[in-house]
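> Spelled out from the first residue to the last, the chains are:
Number of protein chains: 4
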Amino acid sequence: MSSDGCETNAAGRATLAREILSRESPTILMEAHNGLTARLVEEAGFEAIWASGLAISASLGLRDANEISWSQLVDVVETICDATRLPVLVDGDEGFGNFNNARRLVQKLDAVGAGGVCFEDKVFPKSNSFVEGVEQQLSPIPVFAGKIAAAVDARSSRGFAVVARTEAMIVGKGVDEALARAAAYAAAGADSVLVHSKRSDGADILEFLERWDSRVPVTLVPTKYPSLSIRALSEAGASNFIFANQGLRTIISALKANLAKLRASSDLMSIESEIAPISEVFRLQNLDELLAAEKKYEHFELRGRRQHERSEAQK
Amino acid sequence: MSSDGCETNAAGRATLAREILSRESPTILMEAHNGLTARLVEEAGFEAIWASGLAISASLGLRDANEISWSQLVDVVETICDATRLPVLVDGDEGFGNFNNARRLVQKLDAVGAGGVCFEDKVFPKSNSFVEGVEQQLSPIPVFAGKIAAAVDARSSRGFAVVARTEAMIVGKGVDEALARAAAYAAAGADSVLVHSKRSDGADILEFLERWDSRVPVTLVPTKYPSLSIRALSEAGASNFIFANQGLRTIISALKANLAKLRASSDLMSIESEIAPISEVFRLQNLDELLAAEKKYEHFELRGRRQHERSEAQK
Amino acid sequence: MSSDGCETNAAGRATLAREILSRESPTILMEAHNGLTARLVEEAGFEAIWASGLAISASLGLRDANEISWSQLVDVVETICDATRLPVLVDGDEGFGNFNNARRLVQKLDAVGAGGVCFEDKVFPKSNSFVEGVEQQLSPIPVFAGKIAAAVDARSSRGFAVVARTEAMIVGKGVDEALARAAAYAAAGADSVLVHSKRSDGADILEFLERWDSRVPVTLVPTKYPSLSIRALSEAGASNFIFANQGLRTIISALKANLAKLRASSDLMSIESEIAPISEVFRLQNLDELLAAEKKYEHFELRGRRQHERSEAQK
Amino acid sequence: MSSDGCETNAAGRATLAREILSRESPTILMEAHNGLTARLVEEAGFEAIWASGLAISASLGLRDANEISWSQLVDVVETICDATRLPVLVDGDEGFGNFNNARRLVQKLDAVGAGGVCFEDKVFPKSNSFVEGVEQQLSPIPVFAGKIAAAVDARSSRGFAVVARTEAMIVGKGVDEALARAAAYAAAGADSVLVHSKRSDGADILEFLERWDSRVPVTLVPTKYPSLSIRALSEAGASNFIFANQGLRTIISALKANLAKLRASSDLMSIESEIAPISEVFRLQNLDELLAAEKKYEHFELRGRRQHERSEAQK
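Protein chains in written order, with this note's numbering: chain A, 75 to 389; chain B, 75 to 389; chain C, 75 to 389; chain D, 75 to 389.
For the record, the hints were derived by calculation from the structure and aren't laboratory data. Don't take each hint at face value.
[Unchecked claim] Sample of chain D residues at the chain A side, in silico, Cβ under 8 Å: (1) Leu110; (2) Leu212; (3) Leu342; (4) Leu365.
[To be verified] Computed list of lysine-lysine pairs in DSBU-like fashion (alpha-carbon distance at most 35 Å, straight line): (5) A:Lys330 - D:Lys272; (6) A:Lys370 - D:Lys335; (7) A:Lys330 - A:Lys272; (8) A:Lys247 - B:Lys369; (9) A:Lys298 - A:Lys330.
Built from N, CA and C at the ideal position, the CB exists for glycine as well.
Just need the whole structure built from these sequences, with the hints factored in.
Put into structure tokens, the structure is as follows:
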């Protein structure tokens with residue numbers, strides 16, 4: 075249920091495609107992994123949400139290796155979309171299979187109100203890009219381009235965005251390969267290309283940006299090169315920036331600290347003053363809307379709105 | 075995925091509200107309980123589908139007593155809507171709780187492409203109307219009218235229909251009570267009223283139709299009075315007719331017979347010639363669309379459609 | 075909910091491993107695709123159930139190409155296991171990914187009460203074995219053997235069976251390849267090997283059986299060679315026989331016929347006498363258990379069982 | 075999947091019934107609402123988990139008013155049980171309907187590995203106990219006692235606990251009513267009674283404890299009287315203490331602070347040093363188990379374990 079309790083998923087939501095493609099100024103997509111974190115991201119003033127595969131998996135206690143099914147992912151995304159009016163870009167991994175699995179996922183994400191999906195050119199099942207000691211395998215270009223084309227063809231007319239992510243530089247294939255892949259994916263219809271890197275100096279990213287012909291906007295995930303400023307990357311040509319997991323990591327740190335205090339003290343007062351009050355939980359749940367609706371609907375007054383409109387016709 | 079494999083749920087579907095409200099000639103809504111039965115109903119030429127609570131429950135091995143959760147019902151309805159372009163009216167029982175549960179169900183059914191929902195004025199959890207020896211309890215009129223109003227307010231602008239069903243005559247309260255309730259529900263915004271009866275002569279139904287002021291169309295479920303013809307009931311004033319469980323009952327009879335033959339003979343040839351061939355299963359699954367899509371997407375030719383469009387821009 | 079409404083999934087169920095491995099006489103596993111069909115299979119006297127991937131997909135309106143997610147498959151299997159006490163062997167396709175996806179599926183199927191799973195040595199996503207014009211790809215032997223080993227290691231101690239299916243003869247690789255693969259999978263821990271063929275004379279199957287060293291029992295699916303008798307195949311060395319889709323195909327034929335009659339006549343009486351009565355639906359849903367439970371629990375008499383036991387202690 | 079990736083839900087888990095009933099020293103059940111928070115609770119050294127309805131609803135962006143379906147609750151509980159070996163007591167609200175809905179929920183929670191459930195004597199759908207301005211309605215004693223009896227009868231033999239919670243003091247009916255209800259629920263088979271209060275001085279709780287005859291242990295939720303120490307409440311006779319929402323409230327506070335920083339600065343470095351590193355996320359996901367399993371299963375060596383065991387038999 076959206077904030078006011080009475081909207082369907084897709085209604086009244088700026089489409090992500092428009093967000094990504096039309097902005098002059100850089101857009102930050104902030105990670106969320108459930109309805110609550112999505113609402114907090116919205117309240118903090120961000121303009122878009124990244125439904126992170128890593129964060130969603132980790133929050134469920136699972137690994138970022140396609141351990142959740144695609145339909146379980148859709149269920150999580152639904153809670154995110156229901157909780158916010160922000161456009162939501164979903165981390166769709168490699169599409170959970172071939173072009174057919176990918177286009178089914180697009181249809182289902184589109185139906186629950188997501189603003190777009192990002193597919194990466196790895197082979198199912200994936201490993202997280204930052205896992206060491208795992209040989210990451212890339213999909214052949216024509217196969218992944220076909221997946222992007224199928225995704226583009228499967229979306230409704232609502233403005234759903236398809237972002238193509240290349241892992242070429244993650245697996246050590248260099249900037250040339252990344253450029254060739256990005257070009258192919260843009261040609262196949264991608265609304266943006268996401269180029270990923272784990273170099274802390276971001277040198278490969280900067281080279282990519284310099285050489286990219288800008289036919290579609292570039293999206294970056296600066297998890298491993300946080301010291302490069304958004305301003306600098308934006309001036310170098312990037313358009314969108316995904317802050318991919320900082321919410322999750324904040325939660326882990328904060329919970330560990332407070333759970334340790336509670337465990338050591340067995341005393342609720344040890345943290346009571348520093349945590350959100352119950353009333354804040356209720357506010358985030360939009361309890362007021364429910365209380366107002368109870369007044370309106372629980373004992374319906376037929377002498378209200380509709381009765382009036384129709385009373386003449388009843389005679 | 076709809077018949078052609080490339081449509082979102084709600085697209086290209088005649089809205090049920092329009093179906094119900096605008097027709098001069100009587101409409102039959104034929105029961106289906108999963109994607110396959112929905113497709114067979116469509117192929118047989120029916121104009122609309124009744125997603126029967128009894129049939130869905132029974133097909134899952136469960137009782138018609140809210141043993142499936144509302145979200146499990148939505149999942150089943152999704153397979154039905156994905157498999158057909160017909161409008162689907164969903165048996166929403168009593169709304170799975172109060173007005174708030176009912177309006178959430180409306181939003182979710184609307185999002186998966188259902189054409190409408192029917193709520194009945196019983197108390198959660200329900201019993202099937204034809205179960206003997208159970209005291210069926212009616213919801214107070216203002217409470218159920220509020221549920222209908224909340225359902226109406228919760229739907230999107232897509233044309234989703236809300237049908238209000240009264241069980242007044244099922245629980246022995248007579249035609250006067252049924253008329254009062256139907257009037258209240260119509261005043262609360264229902265697009266149609268469904269009046270239910272278990273009298274085999276349909277006398278109470280005929281009296282209801284004679285006395286009903288026709289402000290909204292009447293829907294009937296003639297399971298218990300099958301000998302009254304649709305023509306006669308239509309001429310008496312009813313607009314829509316739900317054939318509520320005949321598919322399910324056909325399946326039970328046919329399966330019992332063939333399973334008995336197979337068990338007795340241990341011989342596949344004992345039924346091979348009388349059952350649908352595998353090729354018919356494939357046809358109903360729309361396998362051809364998948365095979366064509368594999369040709370198109372599995373090894374994507376960048377020299378295709380998009381490449382052409384964009385080739386100039388790449389220089 | 076199981077037949078009596080009060081059992082958990084795994085309780086009181088003969089384990090499939092024991093069924094498959096210990097029998098002298100041939101076992102037929104009859105296809106079911108939801109709770110209702112499972113219950114009818116049990117009532118017909120069969121000893122085990124095959125939760126068919128083709129039938130489950132088709133019943134949902136989907137193709138047999140991993141269009142349902144593994145978690146949606148588990149949900150369907152749960153309704154099957156809840157509806158019957160028979161052991162249920164689940165068609166697990168290729169395991170929905172790699173060894174890790176396969177072992178997760180084993181754990182989840184085990185938890186909902188399935189008796190075992192069958193994995194086939196194809197690559198994800200699969201195509202149905204009988205689809206023409208699709209190049210079916212086999213998994214390398216060490217990769218699929220690893221999947222079987224992981225599945226075996228992941229099951230609980232409850233007796234869950236892991237069956238390894240080779241598609242070697244389906245893809246035209248011949249009996250030698252099938253034997254080598256079956257031997258490797260048995261060595262990896264499979265409780266039975268399923269060897270599949272689409273030859274209508276079953277010559278390759280008979281050769282396989284003659285040359286197989288019988289270290290684990292052989293399971294067959296005689297869909298394409300129905301004229302070979304179970305007795306003959308059993309005497310040739312096969313132990314288990316899957317009647318894989320005859321229930322589904324019965325349903326399609328029967329429904330098409332009756333839907334056509336109803337559509338042509340708009341008259342419920344045209345089929346009323348030949349379909350199961352509502353009372354039979356109620357019986358299959360085990361309604362009597364619910365009515366008895368309502369008497370027992372709806373207005374609990376504290377002077378009953380527990381009150382008595384504890385009345386002394388209360389003083 | 076449990077920590078080592080290879081256990082089924084119920085295996086190797088101390089049963090909650092035993093936890094609750096057998097301890098001399100007080101037990102704290104710490105709130106968790108998904109797999110991640112459950113694992114952090116376990117690592118912090120707590121002995122048991124409270125799967126809080128308020129926290130689960132809020133984390134999904136929903137209200138604590140039965141907005142999630144019972145099957146969606148089971149799905150969340152499954153992620154919690156898979157992520158920890160601690161016993162998990164589930165907040166089952168009022169059972170999501172009548173005795174039949176409650177016993178179905180027990181069976182499903184039992185199957186996914188929960189250690190027990192707590193039902194409260196309110197009417198479906200519930201409101202959170204601390205919501206002001208809502209008239210909270212209690213279930214008649216014989217009806218709720220029947221629900222407890224049905225829940226007790228529905229559990230498997232694994233040791234699943236049924237806790238009965240009375241809201242008598244929440245709705246202003248006083249200690250006498252709470253004692254009468256607790257006694258009736260214990261007589262119906264509850265393993266523990268939970269008595270709830272919102273008085274900040276806990277005076278009604280202390281009176282209840284003084285007058286309770288101790289036939290079953292008492293569980294408390296000191297959210298509204300955090301200044302009463304666990305030691306004092308324990309000495310007054312309470313056995314179990316639920317810290318019901320402090321994890322959720324910690325998350326809200328911490329996220330709000332860091333999201334504000336990120337929004338203001340657009341600079342990942344503004345929080346990088348204070349949040350958990352990616353390696354800590356991987357550790358909590360038990361990534362090492364997956365990497366080890368890949369070595370073991372991805373390219374299976376038939377000359378390993380099983381090959382050896384069986385090599386003789388192959389000749």
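> State for each hint whether it applies.
Hint by hint, here is what the structure shows:
1. Leu110: holds (5 Å)
2. Leu212: violated (18 Å)
3. Leu342: holds (4 Å)
4. Leu365: holds (6 Å)
5. A:Lys330 - D:Lys272: holds (28 Å)
6. A:Lys370 - D:Lys335: Measuring from Cα to Cα gives roughly 40 Å; hence the hint is violated.
7. A:Lys330 - A:Lys272: holds (27 Å)
8. A:Lys247 - B:Lys369: Given that 35 Å is the threshold and the Cα spacing comes to 29 Å, the pair holds.
9. A:Lys298 - A:Lys330: Roughly 23 Å separates the two Cα atoms, so the pair holds.
Taken one by one, the earlier hints fail for this structure at numbers 2, 6, listed in ascending order.
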